[in-house]
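J.: If you're matching them up, the sequences are chains G and C in order.
Each residue of the first sequence is one higher than the one before, starting from 30 at the first, in the numbering used here.
Each residue of the second sequence is one higher than the one before, starting from 63 at the first, in the numbering used here.
Hints should not be assumed to be uniformly reliable.
[Stated by the list, open to error] Keeping only pairs whose Cα atoms sit at most 25 Å apart, straight-line, the calculated DMTMM-like set for lysine to aspartate or glutamate is:
hint : chain 1 : residue 1 : chain 2 : residue 2
1    : G       : 366       : G       : 254
2    : C       : 212       : G       : 344
3    : G       : 366       : G       : 274
4    : G       : 355       : G       : 389
5    : C       : 205       : G       : 389
6    : C       : 205       : G       : 289
7    : C       : 113       : C       : 130
8    : C       : 113       : G       : 289
9    : G       : 355       : C       : 130
10   : G       : 415       : G       : 344
11   : G       : 355       : C       : 119
Just so you know, the hints here were simulated from the structure itself, not pulled from any lab data.
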Amino acid sequence: MKNKFLRIISLCLCAMLATAAFAACQSQSSDTAAPAQPAAPAADAPAADVPQSAGDAMTLNVMTLWARDNSENIPTALRARIAQFQEENPHVTVVEEGIGDQTAYYTRLTTLAAGNDLPDVFVSRGSELSMFAQAGVVAPLDDILNSRPAWRDGFVDGAFGDLTSNGSIYAIPYSMLSTHVIYYNSSLLSEAGFDSFPQTWPEFMDMIAKLNANGVTPIALGNREQWVANSCVLSTLGDRFTGSDWFRSIISGDGAQWTDPEFVSALAALQEMSNAGAFNSDMNSIDNDQQKTLFYNGSAAMFMEGSWAIGAVVDDAPADILAATKVAVLPAVNGGKGNPRSMSGGSGSGLAVGIGALQDDAKMAVIAEFLEFVLGEGYSMEIAAKGEPTAFSVTGYDKSNVSELAALYAEMASSLAFSPIYDSFLNPAVNGVINEGLQELLINVITPQDLAERIQAESNRN
Amino acid sequence: MNNSSVHAPNSYLRHLGSSIGALLLNIAMLAFSITCIFPIVWIMYSSLKTKDEFMLDIMSLPGSLNFDNYYTAFVEGEMHVYFANSIFNSVVTVLIVIFLSFCVGYALSRYQFRGRNVIYTLFLAGMMIPVYSLLVPLFIQFKTLNLTDKMGTLILPYVAIRLPLAIFLFESFVRTIPRELDEAAYIDGAHTFFTMWRIIFPLCKPVTSTVLILAFLDTWNEFPFALVLITQRSLRTLPVGLTDFYGQFTAEYTTLMAALVLSMLPVMIVYLAFRKQIIQGMTAGAVKG
Numbered sequence: 030m031k032n033k034f035l036r037i038i039s040l041c042l043c044a045m046l047a048t049a050a051f052a053a054c055q056s057q058s059s060d061t062a063a064p065a066q067p068a069a070p071a072a073d074a075p076a077a078d079v080p081q082s083a084g085d086a087m088t089l090n091v092m093t094l095w096a097r098d099n100s101e102n103i104p105t106a107l108r109a110r111i112a113q114f115q116e117e118n119p120h121v122t123v124v125e126e127g128i129g130d131q132t133a134y135y136t137r138l139t140t141l142a143a144g145n146d147l148p149d150v151f152v153s154r155g156s157e158l159s160m161f162a163q164a165g166v167v168a169p170l171d172d173i174l175n176s177r178p179a180w181r182d183g184f185v186d187g188a189f190g191d192l193t194s195n196g197s198i199y200a201i202p203y204s205m206l207s208t209h210v211i212y213y214n215s216s217l218l219s220e221a222g223f224d225s226f227p228q229t230w231p232e233f234m235d236m237i238a239k240l241n242a243n244g245v246t247p248i249a250l251g252n253r254e255q256w257v258a259n260s261c262v263l264s265t266l267g268d269r270f271t272g273s274d275w276f277r278s279i280i281s282g283d284g285a286q287w288t289d290p291e292f293v294s295a296l297a298a299l300q301e302m303s304n305a306g307a308f309n310s311d312m313n314s315i316d317n318d319q320q321k322t323l324f325y326n327g328s329a330a331m332f333m334e335g336s337w338a339i340g341a342v343v344d345d346a347p348a349d350i351l352a353a354t355k356v357a358v359l360p361a362v363n364g365g366k367g368n369p370r371s372m373s374g375g376s377g378s379g380l381a382v383g384i385g386a387l388q389d390d391a392k393m394a395v396i397a398e399f400l401e402f403v404l405g406e407g408y409s410m411e412i413a414a415k416g417e418p419t420a421f422s423v424t425g426y427d428k429s430n431v432s433e434l435a436a437l438y439a440e441m442a443s444s445l446a447f448s449p450i451y452d453s454f455l456n457p458a459v460n461g462v463i464n465e466g467l468q469e470l471l472i473n474v475i476t477p478q479d480l481a482e483r484i485q486a487e488s489n490r491n
Numbered sequence: 063m064n065n066s067s068v069h070a071p072n073s074y075l076r077h078l079g080s081s082i083g084a085l086l087l088n089i090a091m092l093a094f095s096i097t098c099i100f101p102i103v104w105i106m107y108s109s110l111k112t113k114d115e116f117m118l119d120i121m122s123l124p125g126s127l128n129f130d131n132y133y134t135a136f137v138e139g140e141m142h143v144y145f146a147n148s149i150f151n152s153v154v155t156v157l158i159v160i161f162l163s164f165c166v167g168y169a170l171s172r173y174q175f176r177g178r179n180v181i182y183t184l185f186l187a188g189m190m191i192p193v194y195s196l197l198v199p200l201f202i203q204f205k206t207l208n209l210t211d212k213m214g215t216l217i218l219p220y221v222a223i224r225l226p227l228a229i230f231l232f233e234s235f236v237r238t239i240p241r242e243l244d245e246a247a248y249i250d251g252a253h254t255f256f257t258m259w260r261i262i263f264p265l266c267k268p269v270t271s272t273v274l275i276l277a278f279l280d281t282w283n284e285f286p287f288a289l290v291l292i293t294q295r296s297l298r299t300l301p302v303g304l305t306d307f308y309g310q311f312t313a314e315y316t317t318l319m320a321a322l323v324l325s326m327l328p329v330m331i332v333y334l335a336f337r338k339q340i341i342q343g344m345t346a347g348a349v350k351g
């Protein structure tokens, strides 16, 4: 009898759960059925006309890598453009979902990709895009770009480099960033006897010795998260020794080896810097925010980070430090094959389009319109006026609000070429080996030659 | 007499030795607890600093108390929405888990029927599945069933994942309660439902608090499912909402600290309220199971 009673209870519970699940299905099915109707064939119509063929409401799902009240220049400007697009196209509802944390964002993105449910438009970096392209879950954007030649040709050289996979472009860049900028405190440098940033390697090493003698940490390095030494230091230092052709050859797999003497010398130079006391001793236990803290409180003379740090320095550094801050890049090295007037950089990330949108011509037309509107000249003027490096070249923007540091950077960047950012091209496994290896190299537990061999071994395996 | 005079210094020394040992042990334990407690204290006072103060020196005490960070986090950062969602998910999950796991645990420990061991093993096997391996299949399932992005979306996986451990704890605890109690109740005319809820359940208080704390903690902190199954901002839970305080390259540390303090509070309150029972429940269940 007791058994029967329990059976009834469990049956009831199962029934309740089942009805709840069904009820949820029912309420949803009504609004997902909507976009089924095929809209007017807009594929070959001039894109500018598309929004006029209004009437059928449309939702555009956009996923971004920025927290909602992120005040960095790029998200702010991009969101303003999205809002304006929304206003001018009332039949389109743009729904934005922003996730601030990079790791979380890419976890979500790869899960959505696995379910072939990527949003209409989303932010993605190049390494993920080539994976998505292989799986066929992102739409190639060549047609959109080729039907808008003026817009396509406005992008600076190499803007699509990181976002191309197998000859197709998969995303439109929203900025051009450098991952290597040396921010230096000019008053600490002149105390050490350097009124301008050294232009040769021996002078640079001499400066490190003199700064140390003055009791100042020459370079604040926060490499706990491992990407700083790779992305912000080695990408440029390596290029000074090897030249960019060597790295391209590594990527395409025709000839170059990690164990080539040029690259080993680059690793040796990094270790030599570390042995000469160029970095703070706790470099592997602090992060890139904390390396800036050392610079802000005047205990370090330099730090190396990407161009994105300009905003942080302008906002957070005490006035006297900010006034003394200038920018530079690593000097030429003896016998280096690389262009000494270059820094590692590129577009890195861009806006990509989920493959689902391809099935709906009307939607694709709206997306094309959206991308050009959001990432076109207007947007680039806006971020250029804030001192951000742009992927779409613009001139004649308002320079009055550009901070002094951003202007210094823009002036320097205009005379420099971009070299590849290592970690945006390499596959994650090789990157992992480099990242870990650099931590060991910096504290002298591995020799440059051994590290190069370890990287080559991992590279062979892939 | 001779004997005792030899003995006395010995015992004195032994006493001294053991008290020195105890002192050293205490110092070691004290140092250990400080390493656990300090981060919490640090978060608390850092949340009262201004951003500049924090960036210049991450260890120093705040110059003056300022509660702006809390306002920014709770009102401007819309933490109250995430807070409400987390509370909703956690409370509903905990209630369902306690109800279901007590029913199942009671049935499994009191009745012998065909398939009992299979059911029990199946539940226990659930404990061994790593959550991350469920992420993609579950997402695809929910998408096909149109269950994503609803008020109750997260309850289903949460309950399912918390159940195995809870059932294991209840089952082994109920088994330690003498069956004679059920029989006595039966003789006095109590039906099964009455015996279960009015006689056995109150005796399960220690294990109920264990299940409550564990399920609450896990649900409150759960991240991957909340990230993947929920799209709408208005349905987000705290752990996902906290990522709002991260930039792509920088973090608003002081606001983040304030948000963290707010998100830690409920957990600390629940833990402090039930802390006495938690260990009792764990051991009472586990040892005799």
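J.: For each hint given before, does the structure comply? Return the numbers of the non-compliant ones in rising order.
T.: Violated: hints 1, 2, 4, 6, 8 and 9.
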